[in-house]
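Enquirer: I would like the entire structure built from these sequences, with the hints used as guidance.
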Amino acid sequence: MRTDPPATPIRQSRPFGGTTAFLWTEVLVQAHESLAMATSMVTQTVLLVFVYILNPGLIGVALIGAVLFSAFTLGQRVLNEAAYIRIDHKANDLYLAGPMTPEGYFLGIAGGILVVYFAPIALLGTLAVLVAHLSLTTSLALLGLAGLVWLFAASIGYIFSTFFRDNRAIWAYASLFFNVFGVLPPVFYPLGFFPVALRPVALLMPPSAAAALLQSQIGATTLSTGQTELALFGLIAETVLVFLCAIYWARRTVRGP
Amino acid sequence: MSVEPLWSENLRKTYTVKGMPPVEALAGVSMNVHPGERVALLGRNGAGKTTFLRIASTLLRPSSGQIRVFGHDVSEHPERARPYIAVVPQEGKPFFHLPPREMIYTYLRARGLSRETSQSRTEEAIERMGLAEFADRLCITLSGGQRQRTMVATVIATQAPLLFLDEPTIGMDPFARREVWASLRDLTAKGSTILLTTHYLDEAEALSHRLYIVERGQVIVSGTSDDLKRSVGGTLKVSLPQGATEVESFRSFGEVVADGESLTIIVHPERLGELMELAVRRRLTATVGPVTLEEAFLRVVGRKIDED
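So the sequences go chain by chain: A and B. Mind the numbering: the first sequence is residues 426 to 682 in this note's numbering, read in order. Mind the numbering: the second sequence is residues 11 to 318 in this note's numbering, read in order.
Worth flagging that the hints you see were computed from the coordinates, not collected in a lab. Relax, there's no trap hidden among the hints.
Partial pick of chain A residues on the chain B-facing surface, computed with a CB cut under 7 Å:
#1 443
#2 518
#3 519
We put the CB at the ideal spot given by N, CA and C, even for glycine.
Expert: Set out below in structure tokens:
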């Protein structure tokens with residue numbers, strides 16, 4: 426037995442430590458399911474076909490909605506993956522009982538999934554730019570708002586993943602949440618089609634808030650100043666809040682919820 | 011402040027689930043693991059071993075008591091203890107869609123090691139653990155034992171100052187288990203400290219400097235495996251296949267256990283000659299062997315169960 430201190434260099438945990446490396450791990454893991462990249466577009470494609478058949482004039486709005494919906498449903502993949510790693514592999518214990526930070530672990534999963542599924546979303550985005558004739562400013566706004574929606578959904582997905590003990594329960598509930606909040610509100614169609622009384626609710630829900638802001642940019646929806654502020658600042662505030670909650674929760678749940 | 015790799019004092023953990031009576035998993039565990047030691051935590055299923063390991067490895071909050079890793083309070087500041095540790099979780103599995111080589115390398119990178127160090131330690135761990143043959147095959151195609159070797163190799167490659175291994179060799183063949191043992195001995199020779207749980211008593215005996223036996227959340231015995239064997243009243247075991255009818259004649263030599271027609275007696279070496287003379291006088295066939303750790307474990311834990 427030795428009594429002197431171990432020679433192994435010790436790295437202290439630093440904020441977000443391990444994010445890039447674990448993100449890359451997730452990319453390698455996810456990339457083996459290449460078919461999933463195609464199937465991740467099925468719902469959006471079906472809805473786009475419906476919109477095109479029923480009202481071709483709305484296809485630009487629907488394409489913008491499809492980009493936002495895609496960003497939103499990445500949260501479901503984060504939920505599934507985080508729960509799978511924890512429940513089936515217990516790999517969360519392997520990673521979290523060490524210098525890697527819990528927030529790095531959460532962002533690694535979320536970022537890895539974003540990287541792998543970015544290509545089909547970029548394709549939809551390109552189509553939206555071309556079909557809806559988006560200006561550079563609106564295109565950048567689409568990118569930024571889709572990013573906020575992704576961060577919101579990924580944070581919610583990670584938090585939800587910690588509540589499940591069985592993957593079967595996740596199959597039942599996860600898709601319900603993300604599909605209902607991604608499809609029912611005015612994401613694929615203009616806000617003007619939504620009941621007037623419920624519009625403030627739609628403007629507070631991240632996917633439809635982002636959609637309404639972009640719809641107003643291309644003239645498909647008219648927003649009052651108050652509505653624009655509600656949608657924009659609501660989206661930013663909710664995203665920041667949920668993201669901070671996810672970081673807090675990631676740290677807290679290392680030792681159980 | 012203690013700067014031992016692991017130190018705990020009166021550690022308690024009670025699980026509470028709504029609508030169910032509370033379950034006391036740890037009822038005051040005190041433990042001290044010294045630098046470079048390999049210590050085994052033994053006990054029946056549900057005795058509290060994994061609960062202790064999870065608390066020590068910062069994955070579970072204790073209900074009360076103190077626990078420190080290299081002097082850092084695990085309860086209050088787990089983030090300070092984490093850079094010192096690595097853990098093989100019970101029933102943990104590597105990512106199925108990564109080959110062992112990528113699994114180990116990416117894990118080391120996630121722990122903050124440089125590319126060069128991660129690369130060299132990955133190759134070292136693959137070589138050391140006999141993974142070369144399947145190091146580039148996806149883990150999903152590997153057998154259960156090969157996956158477990160990958161998990162152990164992943165953690166061993168960290169060369170962390172304190173390693174927690176929860177049933178590290180489960181599902182492995184005897185050759186693979188010995189490769190793991192050799193790797194763990196190498197690690198401690200380099201200065202790491204290891205706390206492991208196992209149900210393989212030969213493993214505990216071959217590998218650990220000291221062991222703790224936990225029963226119903228309490229440490230009932232601690233010491234070396236020889237200490238444990240001595241605690242059951244002797245280090246030799248005499249088996250008399252036809253001796254069950256002679257229980258009373260042999261009782262004075264030590265602990266006797268009748269099982270069907272046979273009788274087993276635990277005896278000190280100095281009284282062996284006397285016992286054998288009696289067996290010959292009674293025309294009984296006798297075989298003599300060392301008390302195994304498993305036998306000592308069964309007796310110690312059995313006594314505790316009887317007392318309770």
